[in-house]
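Asks: Listed here are the chains, written in short residue letters.
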Amino acid sequence: MNEELLNILQTLVTSSSPLVIAALGETITERAGVVNLSLDGSITLAAAVGFIAAVGSGSTLIGILAAMLTGALVALIIVVADIELKQDQVAIGFVLTLLAASLAQFIGQSYTRVRGPELPFVSLTFLKDIPFLGPVFFTDHNPLVYVSFILVFATWWWMFRTRPGLALRAVGERPESAFARGTNVNRLRYIYTLVGGALVGLAGAAYSLSIKPGWTNPPAMRGDGWIALAIVIFGGWHPFRVVLGAYLFAGLRAISSAIQRSPDVQIPLVLINALPWLLMIGTLLLVSSGAIERLLRALPRSAQVWTRNILRSDPPAALGTRFEEH
Amino acid sequence: MTANRTTLRVALLVAPILLSLLITAVLVLAVGKDPIEVMTAILEGAFRNSNAIAGVVNFWIPLTFACLGLVITFTAGLWNIGVEGQMMMGAVFASWAARTIVLPTPLLIPIEIVLAMAGGAFWGVLVGVLRVRLGVNEIFGGVALNALASVIVIYLISGPWQPPEGGSAQSTPPFPAESLLPEMSPEFPVSLLALVLALVIILTVYFALRGTRWGLNLKATGKNPRSALLLGVPTTQTALSAFIVCGAIAGIGGAYRVLFTFDSLRPLPSGGIGFLGLLVVLMVANHPLIAPIVGFVFATILAGSTRLRVVLQLDQSLAEVLQGFVVLLVLMANGLRGRILSSPRSSPEVVQEQPAPTTVTSAAEAASHE
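Just so you know, the sequences run in chain order A and B. Quick note: the first sequence, position 239, residue 239 per my numbering, numbers continuous. Quick note: the second sequence, position 286, residue 286 per my numbering, numbers continuous.
For reference, chain B alone in the conformation it holds in the complex (with noise of 0.2 Å):
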């Protein structure tokens, strides 16, 4: 029995994903394609030589600090919709930054950073005060406080920073060399600092969660906020933190994005990168360090699919599509095992009464027709 519930569960893990490759590859066949060639696209897109390699590891970064970022949301039950904001304003801090401060590159990246959490803060806790003291949903405020983070941004692209040859409004002029975030190599260009920012962010959420007060305020909060304040939390700060610390981290992805992935602002700097946060945080449940694993999988898609265009002439929405039907399918296919599982049939208590497991499937047959 326990052998069967084994391959249910594989199976409910392995369908969803097949599932939405066919879907997929319906779609395809429909606009005229070989899937085949979509998918040889996209893994050239993502592996044909190091320099590609680098590129999903560049989406990867980012990505992995929104995931992040969100867990410690969710965790206190709280939908942070407006991380895409909180990158943003993230990449306004660190271009500001970038802009103005002179100083050589190791005094001022650590300063472009900070004034990034600064940023992605301010704008986490603005939808956290609208949330936990005003009463407008975070959902609603996190919608519009990405909305108009991104009004910001194409305003300052074609207004007080445009480039001197007139605003384009496509992006403000290159930030100076030493602003920028330095590359391991030529042939492999990733921010090594970057990269172990993330793992850093990774191990302190996941041991700020499991073992610290703080993350025990948050659960508490997430589960069950009115016995979680009876029993003592503060669980409006709490949720004000969650947001705080979210938007912190998150605003370190929207620096990445214009201080090494671009070398500007550039309008939409989060790119989407934030609700594909959202996407992976929701199909992991919520688990820190699976996030940034499945991360690696998403990112994978991502920048495999900027060749679809080069190479089949193809919208790169495809590859949003596919992940789309992934994270929606794994979650039904959760539903799925849970109805299953709990159904009178192969519910434990049924399994533990019958003696022989031979005997287990006929006599709860015979039990559902009594």
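Here chain A stands alone, though its shape is the one from the complex (with noise of 0.2 Å):
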């Protein structure tokens, strides 16, 4: 195998967990019926309070309990205003988008270029000697990555083979059956928000304890927290495509800036700039506008209920409305 293309590989996997894990979190949040609209923000804000808190400790794992708690106070508050106050969730989104990341600027202001703290880079026994996986998936990785891998498989277990997961699916579809079975609905809505938003914050960490370690101005991982929210669509709600598009965007985005920097090829600056945002609208436009469903109905019969399975993307039927108990 060629050793050029398994580090690029290696680098890409470091560089999109932190898109896997936020797009994770809001997958579950999103699952439960509760849009969190603020990941932008959030992610932005648990990073700066993360970072400032592994300098002021010297710890990375105080760093990353900061971030978390971060993103579940950011999240706490959408759930709050949207059962106990009645407020729509994607306005309380939008501002808290704007306000975390206004907040993270002034509490960042001090810390721009310090040096703190990082996270080490690890390879897993055993695992790293196996062909082709063991270099690209676990040699030299943060310990983040590694909870990247579980988290995956530990949402979708947790989602798709437990009961309390069908009992989460069942909230953000129809919650008012689930809530004549007694399942407390809205109780479930607080706990998968807050779950959610501790893997933004997770998320926040990642960069800045370790991706782009450190605090600058502008955030380093402005306009992620968006490509996450738009992954999560694509990735039609379900974990594994979830992650399948948060590795196809950073595959392109890593691809696009390799040929940036290869004397031969000329591609005006502009269109790499331009890249990622024309993809988040190109898959979108690929999700929403019924493309798949008419590419469905091209297939022979028998095909049709399997690829539509692994291609469906229609959103929790209740995402984004309020449920009250009456």
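No lab work stands behind these hints: they were computed from the structure. We put the CB at the ideal spot given by N, CA and C, even for glycine. Incorrect hints may appear among the rest.
[What the hints assert, rightly or not] Once the Cα atoms are required to be at most 20 Å apart in a straight line, the calculated SDA-like pairs of lysine to any residue come out as:
{"id": "1", "chain 1": "B", "residue 1": "Lys219", "chain 2": "A", "residue 2": "Asp88"}
{"id": "2", "chain 1": "A", "residue 1": "Lys86", "chain 2": "B", "residue 2": "Arg339"}
{"id": "3", "chain 1": "B", "residue 1": "Lys33", "chain 2": "B", "residue 2": "Gln316"}
{"id": "4", "chain 1": "B", "residue 1": "Lys223", "chain 2": "A", "residue 2": "Leu319"}
[Claimed, not checked] Here are the in silico distance ranges between beta carbons for each label pair:
{"id": "5", "chain 1": "B", "residue 1": "Glu37", "chain 2": "A", "residue 2": "Arg163", "range": "57 to 67 Å"}
{"id": "6", "chain 1": "A", "residue 1": "Arg294", "chain 2": "B", "residue 2": "Leu230", "range": "20 to 30 Å"}
{"id": "7", "chain 1": "A", "residue 1": "Phe153", "chain 2": "B", "residue 2": "Thr204", "range": "50 to 60 Å"}
Take the two lone chains, each set in its own frame, and fit them into one complex as the hints suggest.
Replies: In structure tokens:
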């Protein structure tokens, strides 16, 4: 196997891990029927808080916990405003997007270009010796990359193979039926919004403690929150497809910046900068415009059922709606 | 009881503002500065002389354009986050005219403004088509188109429109003097034309929403698109028209930034004013006449905060933090008010059933114990 290619793929797995973690967090939240629109702000704020906490305490673990707490706190505001105060999730989420980003910039101002603790790079024994998979997935990653792997499978298993996971999906799809069966809809929404928010915060820590270490103005991860939100849609609210989306996205970004660096190919910088956003519109077009549905209809009937299951991308039916117990 | 409810209303209006000031003050203390000094610096920055006041007005004008455009899209139930990009494209189109067309000022300015409206409307209709024809949520379409507008601006500044001495990616060369909006006086540098235009737009939007068929269609589309469609409202066209009109109005705001605030095209010419407009309109629950008033307060904070760095070496983002908390807490207080007023204890029905106001509380309490 080509050494250079393996290196590129290894870097790709590292650099896409925050997107994976944040998008999984948002998937969990949205599966419960709540939209946490604040990702672009809350990742940034969590990154800042995590970095400052890590610098202050000298411990990356405390940084990570502080970042997760920050993400959960922002999510808590959204769910309280929704359930207790009957305010629009999207409106509150948008306000928090801006507020969290400004807050991050304000508290981060005296930490720009400060060097702080960084997460170590770890290889996993045995696993790293597997051909191809070893060097790409199990060699020289920060621990949060491995956490992201575990999260993918854990989220899938919890959602689709356990009873509480069934309740989680029911709360997002048919809250009335779930309620009639004795599920405490709003309590589950609290729990999963907080869990999702904590993961969004973890993604912030992955940036500021390892992938883009430290704090800069403008923040290095700006825009990635929106990308993560789009990946959830692209991924059809399914953990595996969400991860695939995150890797695809990071891959295309890595390829474009590699092309930009190479001397032989002259691609205008403007195109490179526009690429993530064109990609975002393109992927959303693909899933929203019915193109997939048309493609499915062209397939033989026998193949339609399982391909539809794989490519299906309907949002949770009760996404963004408020549930009131009467 | 009504007196109590009025008190409650006032308290829930004042409390969030005081609380956000308090939170901001704590933040200021946390970075080792004096909140009173910060407040003084902001007020000085906004009101110390006629030039400073003009600075406030110069933020208020583009903010007002953004707000009034957003009132239209919100009325139609649409989240036009793309307003920021629509301002930028207005700025780009106006800049093209200012750089290219050679005409005396009174002829050139209208052309620039019309082009800016076209630019903003173009970027607005893209979000609209993505939403109503292709099913891409307008929030994501808007975010992507904002980023693309910013990419285009930076490309123009560092590429085709760069200064002859080489691109610094800071700005285009200054536009010719004839292409810029004239100021009222050197002591009060504000464009009278833009000020008048802003007032005209405020009244036009207000009356268009109140008394025209289009305004009615917008409201129907915003309230319930499905029943609106069944009642014969062309919801798709209405939504598209909302994006076009909002983009056009926001485009004027963008033109104002490059033709008056600056004298050239700069990176991020909209400067976050579109996002601030979203906050203002959310806070005033979409009211076309209150939005400009609250907008003035926000413009004051924004303009005043430019002195924070000079006087106190503090980041200007403090102003955005304050604004963000005010809007967040006002929205939450609205919810709290709704919750308190709709709870059985103080609901109007309960009040009306009771003969004497003095017995209300005890009767309601008794009822709640049953």
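Asks: Against each hint, give a clear statement of whether it holds in the structure.
Replies: Quick rundown of the hints versus the structure:
| no. | hint | in the structure |
| --- | --- | --- |
| 1 | B/Lys219 with A/Asp88 | holds (18 Å) |
| 2 | A/Lys86 with B/Arg339 | holds (8 Å) |
| 3 | B/Lys33 with B/Gln316 | holds (14 Å) |
| 4 | B/Lys223 with A/Leu319 | holds (19 Å) |
| 5 | B/Glu37 with A/Arg163: 57 to 67 Å | holds (58 Å) |
| 6 | A/Arg294 with B/Leu230: 20 to 30 Å | holds (27 Å) |
| 7 | A/Phe153 with B/Thr204: 50 to 60 Å | holds (57 Å) |
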